[in-house]
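There are 2 protein chains.
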Amino acid sequence: MKFACLQENLAKGLTTIYRAVPTKSTLPILSNVLLIAEEGRLKLSATNLETAITTHVGAQTEEPGSTTVPAKLLRDFVLNLPPSTINATLKDDILNLTSEKTKSKINGVSSDDYPTLPAFGAELPYVELNPIAFSDAVSVVAFSASTDESRPVFTGVYLNLSEEKLTIAASDGFRLSEKIIDVKEGKLKNFTVIIPAKTILEVSKIFSGSEESIRFGLNEDENLALFKSEDTLIATRILDGQYPDYKRIIPTESELSVEFSPVELLEAVKLTTVFAKDNTSPIKISFDTKGTMKIGLTTQEIGEHQSEISAQVEGEPFEIAFNSKYLLDFLNNVKAERITLKSKGKLTPCLIKPTETEDFIHIIMPMQVQGS
Amino acid sequence: MKFACLQENLAKGLTTIYRAVPTKSTLPILSNVLLIAEEGRLKLSATNLETAITTHVGAQTEEPGSTTVPAKLLRDFVLNLPPSTINATLKDDILNLTSEKTKSKINGVSSDDYPTLPAFGAELPYVELNPIAFSDAVSVVAFSASTDESRPVFTGVYLNLSEEKLTIAASDGFRLSEKIIDVKEGKLKNFTVIIPAKTILEVSKIFSGSEESIRFGLNEDENLALFKSEDTLIATRILDGQYPDYKRIIPTESELSVEFSPVELLEAVKLTTVFAKDNTSPIKISFDTKGTMKIGLTTQEIGEHQSEISAQVEGEPFEIAFNSKYLLDFLNNVKAERITLKSKGKLTPCLIKPTETEDFIHIIMPMQVQGS
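Sequence lines, in order, name chains Y and R. The first sequence begins at 5 in the working numbering and counts up one residue at a time. The second sequence begins at 5 in the working numbering and counts up one residue at a time.
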């Protein structure tokens, strides 16, 4: 193997595949990156057996070949190297790298021992996703998934395609996000899959800067979802199980409707949580038809706090209490000028959404608090 | 107690005193900040019994008084509050704080239970230090102190005043920094003290933005060093013990003298340490009278690396190995256009200093490595 490539390109490629390198694995070779020098390009791959990422970097290849070397070492090295041309030669499983003022040798392991990686077959049916719309959708949905592995489907993000609309949803049983985006339907027709939330966040980060559309395909024989741009392929395990019929908890009517600035609420919630014992404390919100919203918290041993922000309140006001973490997650992830909150009662699912948006909703289950 | 002050001022004061609040203490009241409302100002204090900090914030005081409240809570709260006037009233040990749109109550503890804090007596002799010169000196010296509590004097910074020159030095037995600055001598005459390195770093950070000179005094009865600006007083414990006579290890002659750019060496060392097993690996440096300096490292199981930078080399070159952490500490803390390294042999103390500077020196003990 013998190739030359630019430090900037190799650094970018290594950063992309590094998201799939496991921090710990029972299979030591997985902490390596698989390097394959092909005609005119270098192929980089990594997998943690749940997610596999392959990307390509332009290279002048004098002699094709392959090896695997420690991914962290190579990434740290290339990221620290100044912009330059890197020349690579493999001899006896040792990767020799030289640049203008450096010479390095990295001990490699034969690529024969590396697991086989999924491919996006030419025949695989796919739909096309706009990378920006997809990344935005993931960012307002995935935070609602659970991290509790005891109920695996809740750790996933639900994807449903129907009539060129892709519904993306996630819930941990106490809150729910649902976003609907348009897709360019192709040969892949209506489907429903659940993809681990952690993975779909990685996918969205990798493709968020992309300009070309993403091809999304399903390989149901191997239980894989595949995302592909021109250079990069991400294959990820599909979660087994039936996603709960969450649509039925979406409230359809409300007694109270409140509109406010999310930036003001975020500031008020941050101030209020300073007085909380932990980050799941109930934050009480009360409303006033004269146009205010009060955000308060009392913690016996610490003290109490109340902030006031302006709001347009319609209906008969009552006090609602929310888990502070849920409020912060929503306000930190969802960007909008104005937010509308609709509730039917202090203990029924509460709907929160950007006022001007029809394709995104968030639902939070209020908390019951003493004395309210 | 009743006072009003500006959020910005209170935030600044709390940030200053917070450096002395212990993260854990057997005396719970030490996690509180002592607030004393005086005529025209609010006095804030904190102590971990090693270091005590008192600072003052302008305030309109309607009713003098004092209390203590959790320092972290008050700091987090005030830092999150938007710029505003904060009105404070104490009632039954509860501190009521109101600003334009917020109302809070913080449970306090009577100030009677707070330890007595050191004062800078009007009669205390002092010298005057320039805050910038002092902070700069601390930053190039204190990193050389040890963190190993088994030899306490090495965890301290040595201060010696003699003929209007203040010598500041620190060493962990393997490296040494010494910086000499001018002071305006006052009634405090020649002295030698050792101050914990951690504390003197805090002091230098607090005063680094100050424009007025710092008064430095010693209260030997109470074993305290005191630093005072107009608003702020920092009192810190002096370390017992005799500082070793480090002057005798400062090399006076050399066989090899090398001049180079510290920025280039820092980049090369960073690249090289990627190949290290841990952050104390020996980095081998070799020289070439034609004008190069090679920085290399071999780690059996990982691989090897060599970077080259340009250097002016005088004398008979030999290879020297340094602990990578020591090189990085020096290069990360000492800013200069050019650095000169002087050595008498591969295993004798090596002198490194900014080429154009006469008042600062750094000494590193080289490492012995196999095969060299």
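Incorrect hints may have been included.
All copies of an identical chain are treated as equivalent in the list; a pair is satisfied when it fits inside any one copy or across any two copies.
To be verified - Keeping only pairs whose Cα atoms sit at most 30 Å apart, straight-line, the calculated DSBU-like set for lysine-lysine is: (1) LYS274 / LYS209; (2) LYS251 / LYS6; (3) LYS76 / LYS188; (4) LYS191 / LYS107; (5) LYS16 / LYS274; (6) LYS16 / LYS95; (7) LYS202 / LYS350.
Read the hints as simulated data drawn from the structure, not as lab findings.
Given a CA cutoff of 30 Å, do LYS251 and LYS6 count as a within-copy pair, a between-copy pair, both, or neither?
Neither. Shortest intra-copy (56 Å) and inter-copy (55 Å) distances fail the 30 Å Cα cut-off.
With identical chains, the pair LYS274 and LYS209 could be close in the same copy or across copies; at 30 Å between alpha carbons, which is it: within, between, both, or neither?
both (26 Å within a copy, 28 Å between copies)
Can you give me the call for LYS76 and LYS188, within, between, both or neither, at a CA distance of at most 30 Å?
neither (38 Å within a copy, 53 Å between copies)
Between the shortest in-copy and the shortest cross-copy C-alpha distance, which are at most 30 Å for LYS191 and LYS107: within, between, both, or neither?
neither (50 Å within a copy, 60 Å between copies)
For the identical chains here, do LYS16 and LYS274 meet the 30 Å Cα criterion within one copy, between copies, both, or neither?
Classified as between: cross-chain Cα gap 19 Å, same-chain 36 Å, threshold 30 Å.
Intra- versus inter-copy proximity for LYS350 and LYS202 (alpha-carbon distance at most 30 Å)
For LYS202 and LYS350, the Cα distance exceeds 30 Å both inside one copy (32 Å) and across copies (52 Å).
Using 30 Å as the alpha carbon limit, work out where LYS16 and LYS95 are close: within a copy, between copies, both or neither.
within (25 Å within a copy, 60 Å between copies)
Checked against the numbered hints above, the structure breaks hints 2, 3, 4, 7 and satisfies the rest.
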